[in-house]
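As they're listed, the protein sequences go chains A and B.
First residue of the first sequence? That's 1 in UniProt numbering, and the numbers climb one at a time after it.
First residue of the second sequence? That's 1 in UniProt numbering, and the numbers climb one at a time after it.
Simulated from the structure, these hints should not be mistaken for lab results.
Ideal Cβ positions, reconstructed from N, Cα and C, are used throughout, including at glycine.
Certain hints may be false.
[Stated by the list, open to error] Ranges of calculated distance between the beta carbons of each label pair, as one might list FRET restraints: (1) B/848 x A/17: 54 to 60 Å; (2) A/59 x B/301: 24 to 30 Å; (3) A/56 x B/274: 35 to 41 Å; (4) A/2 x B/887: 48 to 54 Å; (5) A/165 x B/339: 44 to 50 Å; (6) A/56 x B/511: 28 to 34 Å; (7) A/12 x B/208: 57 to 63 Å.
[What the hints assert, rightly or not] Here are the computed lysine-lysine pairs in the BS3-like style, where the Cα-Cα straight-line distance is at most 30 Å: (8) A/47 x B/387; (9) A/43 x B/503; (10) B/387 x A/79; (11) B/324 x A/11; (12) A/47 x B/287; (13) A/28 x A/67; (14) B/574 x B/503; (15) A/10 x B/324; (16) A/47 x B/477; (17) A/423 x A/326.
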Amino acid sequence: MLTVSVKWQKKVFEGIEIDVTLPPYVFKAQLYDLTGVPPERQKIMVKGGLLKDDADWSAIGVKDGQKLMMMGTADEIVKAPEKAIVFAEDLPEEEQATNLGYSAGLVNLGNTCYMNSTVQCLKSVPELKSALSNYSLAGRSNDVDQTSHMLTVATRELFGDLDRSVNAVSPTQFWMTLRKKFPQFSQLQNGMHMQQDAEECWTQLLYTLSQSLKAPASSEDSDAVKALFGVNLRSRVHCQESGEESSETESVYSLKCHISHEVNHLHEGLKHGLKGELEKTSPALGRTAVYLKESLIDSLPRYLTVQFVRFFWKRETNQKAKILRKVDYPLELDIFDLCSEDLRKKLEAPRQKLRDEEGKKLGLQPKSSSKDIDVKMTDAEAPSSNEGGESSTAGQQEGASSSSEKGTHMTGIYDLVTVLTHKGRSADSGHYVAWVKQESGKWIQYDDSHPSIQREEDITKLSGGGDWHMAYIIMYKARFVSM
Amino acid sequence: MAPGPDPNSVGDGAKRDEATTKVPSKDPKKKDDKKEEDLSEEDLQLKQNLELYVERVQDPNPELQKAALESMRQEIRASTSSMTSVPKPLKFLRPHYGTLKEFHKNMAESDLKKLLADILSVLALTMSAEGERESLGYRLTGSEGDIGSWGHEYVRNLAGEIAEEYTVRQGEESSIEDLMDLVQQIVAFHMKHNAETEAVDLLMDVEDLDLLLEHVDRTNFRRTCNYLTSAAKYLPGPDDMLVLDIAYMIYIKFEEYPNALQIALFLDNMQYVKQVFTSCTDLLRKKQFCYMISRHGITFELDPEMVENDVDREMLQDIVNNTKLSEGYLTLARDIEVMEAKTPEDIYKAHLLDGRASSGPSADSARQNLAATFVNAFVNAGFGQDKLMTVPSDSTSGSAGNWLFKNKEHGKTSAAASLGMILLWDVDAGLTHLDKYFHTNDNPIIAGALLGVGIVNCGIKNDCDPALALLGEYIDKEDSSVRIGAIMGLGIAYAGSQNDQIKSSLSPILNDAKAPLDVIAFAALSLGMIYVGSCNEEVAQSIIFALMDRSEAELGEALTRFLPLGLGLLYLGKQESVEATAEVSKTFNEKIRKYCDMTLLSCAYAGTGNVLKVQDLLAQCGEHLEKGDNHQGPAVLGLAMVAMSEELGLDMAIRSLERVLQYGEQNVRRAVPLALGLLCISNPKVTVMDTLSRLSHDTDSEVAMSAIISLGLIGAGTNNARIAGMLRNLSSYYYKDASLLFCVRIAQGLVHMGKGLLTLSPFHSERLLLSPTALAGIVTLLHACLDMKSIILGKYHFVLYFLVLAMQPRMMLTVDENLKPISVPVRVGQAVDVVGQAGRPKTITGFQTHSTPVLLAAGERAELATDKYIPLSPILEGFIILKENPDYREE
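With these hints in hand, go ahead and build the complete structure from the sequences.
Below, the structure written as structure tokens:
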């Protein structure tokens, strides 16, 4: 008989007797009683190794009073999860792309950054993408010419390629068709294709798409592009001399932000852009007179495009010169006071609702919510309220105005989604870059083939006033509220 | 007795004052004699007097001669104290030096001749031509009076001439007895007058340091030893050993055992260590010695001769075996309130990178999860709890198991082993946690569990040898990943132990023709670690044979580098002992020959600061080679290994590396960041940080990777905010490059290692001692980093765990006589170099007062801020036993 002590975890069991005539398995059974660890999972350290079940005690040389150490638990043995975990590294290339959270860049084909940045900006509009995917190859209606059709198809293909690829896509096909449709983009200078104005590209491309995506019924309502981007303006034309007044409506794809020396902020520029003077023959006076034209927004688009009028034709240098003035723009734009009376009335209820919701998120009672706080906090809320808007975007082809019966309403509040910037001193030179907000809330800078993640506060720094990239065309997305 | 500077100068001044008051106007004289225009009345008087003496000395009348000599001596003695300018009497006697010399030559032997010789000896101080050593010559023929009476400057000059004379006589092999008499006198004089450094210098010059033992006393032995130990760093071998021997003997003589032990450890002389134990009778002090030995990380067995009582010996052995390390570390952690486990996300702090990479990809990335595993392991090292691995696994979510399986294949090895890191030093709990992984049939997991057992036991010795018992079973298993896990685990657990049993089980693997290369590589490495610095012939032979057996193709493999490294580790810091093996290595296949040569050289001279070796290695780095030669990487690392021991050499090495970076080839550039990381390990110097930050954006991705890892190394365990910021920015800069991002994550984990309570620095005890196992661990990782792509980014990422060998709490924990922690106020501040300074200079500057336990950063030193206790070791690092001060009175 030997007496040993066994240390197990932090406990020491003193005075355990070993019957050296019996195999160690018996000893293990003794320990099983004490520790609850089954013998087969016990590991007992003796000099020079583990105690084997069938070992001979005399050979091991355990001395009386020796301290042994036991390792072992009755814990459950680790099992691999039933569902094998899929690792990003194992995924095929396409899925890795979606994992990145943003799509690929576009290769610069020689001064095509104006086109690349335009494409990247427009691609960020999911509704446009879905409209394009519905566009059938064969379904060319008669009123769309061949080149427009080809351009539309090329756009669709390009958008698809961008979504699928990890590496930069070369937009060769698209560029060819674009040049075919709009020969002005084929201008050469020193044997190279010239830099072009991105705004022109943007406008032309949108126009083409709006033509070709018109439903065969060719009714005004079914114009998908117009539904997404179109802004209806109601203008009051007023002649001070004669007191004549008339009103007219028009539809535009973008608002202009005029930059004069008193414009410091987008809002001021927009207001400025909605007012204008024009000369026309006054029937009352029988001569040309100066008319004041004041426009107000009559219906809101899903995507509000604003163009900064940064370029003007400078006669002396014979080129488009650039206004470098810094014009701030917000991440969240409220255009309520640019709306017409009718529209304002329509917007009031949804806006109240939005305020209440945001108040609730802040933990405030609906009544006590003040507008101040709302404005401050909307920055943080933006992505979440965006999601609310997106969930209902599917199938919203119709109804530019918020009066749709779907239960979601426009609020007149817009969130910044894309910025197309220009760097350089004239429209036909320099460099264009697109800055696009992803669904995840991340901002990506698409500098041709190099997408890179940017911080949100850097986006508002693109407001000009230096030689850094400055916003040229920016696009806002409407914020909806469900009633 | 000695002409103290003050009384004399006062006397001088007084005299001058008298003179000027007597004769207010000096103008007439000045006009009279243009030559002596500048002389004041008093000086002129002196000059005339001296001229008179000189004349009289040559007088035939011995009485007059004597009087003149006495007066001359009087004048000289009264003024020799001034050090800033030539004393006036000497100046005025200058023109007469020749005359007097001539006269002395022709003088008959007499007391007067001796007297004149004395004066000439002093005059020679300023007159004698360089190398003539006339001062010494006259001194030897002089009257042998009290040497100090001529002033300090004279003695100093004499010492210099003795040194010269000594070298000359050594060359001629003539007697030096007369010199040694003088040396005796000078040393005695210096030691009495706070000039220990000069006494030591002189004795070193005449190679008779033993003399020092007679002259040191309680008041000056500390300064003397301090100077000796610091000087040892700059002496060529074997003088440095000699100097330290003397220091050791002095410490023993004055019963300053902790310092004696320190030197014994530095000399790696176990006989001395034993002597410290046998000389000391106080059990409490012996406990303190045990703490010091345990920090050094060597295996040391106490025998009955050292500690008689069995119970006491067992307790002391427990301290040496580091069994209480975990407890002490956790005490520190609780005191600083950092017990709360941290997740990798807490370390990445992605929210500070607003927008960037904040929302991760939807699918799990194996690479990123592996990085998170390491970060989790490093950050929660030793705390016994974390949020990934030790969370109790409930059957529904089973998080512990879950995280393990979020790692892919070989990643699971590192994940399972990370448990060992989290439970570092806590053997009982560690084994309990790891046990469940032994029962799966998933080989990578078993391998990880084996490695984990090794990590848990790192630096801890246990009577039952659980690591050996468990791992021994798996060494010869079929699956090579399991074998590697077991072999590496043994290497980590038994580093420095020189365990024969492991040798006999690992050596056969090296020469097993069927064993795969990676198993052989890790076996060689583990043997190198276990026998680190032992110069063991047998192990060396086995590794050499293994190297010779490798085929051409195998020699090109990345892992082959571990074979020469294992060989090098055997000779770590052993200098010349490597030479025989280095000769053998010259016969290797040329593919590995130079690599092996560089590795052996750099390991053998690691931590010696040997300038010649630094130059050798620099020359290697400067060469521009053909493609395929890869030995420059280890050469660059070697540069850092050799130079890292003392501050001056370290700074020089940093500057040299900057040059290498500019002019070196690409493979040299890749190693430079790693070398910088080694030089400043856990010591984030701003200049190095900036260099590495610049390199981390290098166009060559391997340079960038090394720089990033090195950023982690220099900041390891410091929580340095600046490095943390740099790494955060790098993580968004490299968010698309999985490999670089992996490196950034590892570096982030290192910076926050042990939540800032750990250090990787292999140096301790005020940077004097170098722990060989710690250095071995770091060097191994750095060698692995030389080929980042195939080792750390490949499937051998677990080599990162070799760092565990260097991980130590950077704490100072005070315990009472029963080894229970007590809190006392201490001042912690920047250490000041007080070598060679007179008096009792402050040893720290810019200090703050804390109460223990406290953290000590690189270059910091602590001192007790209370007289209530007396520390048992003057080096306040790690565990310090405090004894109550019997003389303490409450105020």
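Hints, one by one, checked against the model:
{"no.": "1", "hint": "B/848 x A/17: 54 to 60 Å", "in the structure": "holds (58 Å)"}
{"no.": "2", "hint": "A/59 x B/301: 24 to 30 Å", "in the structure": "holds (25 Å)"}
{"no.": "3", "hint": "A/56 x B/274: 35 to 41 Å", "in the structure": "holds (38 Å)"}
{"no.": "4", "hint": "A/2 x B/887: 48 to 54 Å", "in the structure": "holds (53 Å)"}
{"no.": "5", "hint": "A/165 x B/339: 44 to 50 Å", "in the structure": "holds (49 Å)"}
{"no.": "6", "hint": "A/56 x B/511: 28 to 34 Å", "in the structure": "holds (32 Å)"}
{"no.": "7", "hint": "A/12 x B/208: 57 to 63 Å", "in the structure": "holds (58 Å)"}
{"no.": "8", "hint": "A/47 x B/387", "in the structure": "violated (36 Å)"}
{"no.": "9", "hint": "A/43 x B/503", "in the structure": "holds (23 Å)"}
{"no.": "10", "hint": "B/387 x A/79", "in the structure": "holds (19 Å)"}
{"no.": "11", "hint": "B/324 x A/11", "in the structure": "holds (16 Å)"}
{"no.": "12", "hint": "A/47 x B/287", "in the structure": "holds (27 Å)"}
{"no.": "13", "hint": "A/28 x A/67", "in the structure": "holds (15 Å)"}
{"no.": "14", "hint": "B/574 x B/503", "in the structure": "holds (21 Å)"}
{"no.": "15", "hint": "A/10 x B/324", "in the structure": "holds (13 Å)"}
{"no.": "16", "hint": "A/47 x B/477", "in the structure": "holds (21 Å)"}
{"no.": "17", "hint": "A/423 x A/326", "in the structure": "holds (13 Å)"}
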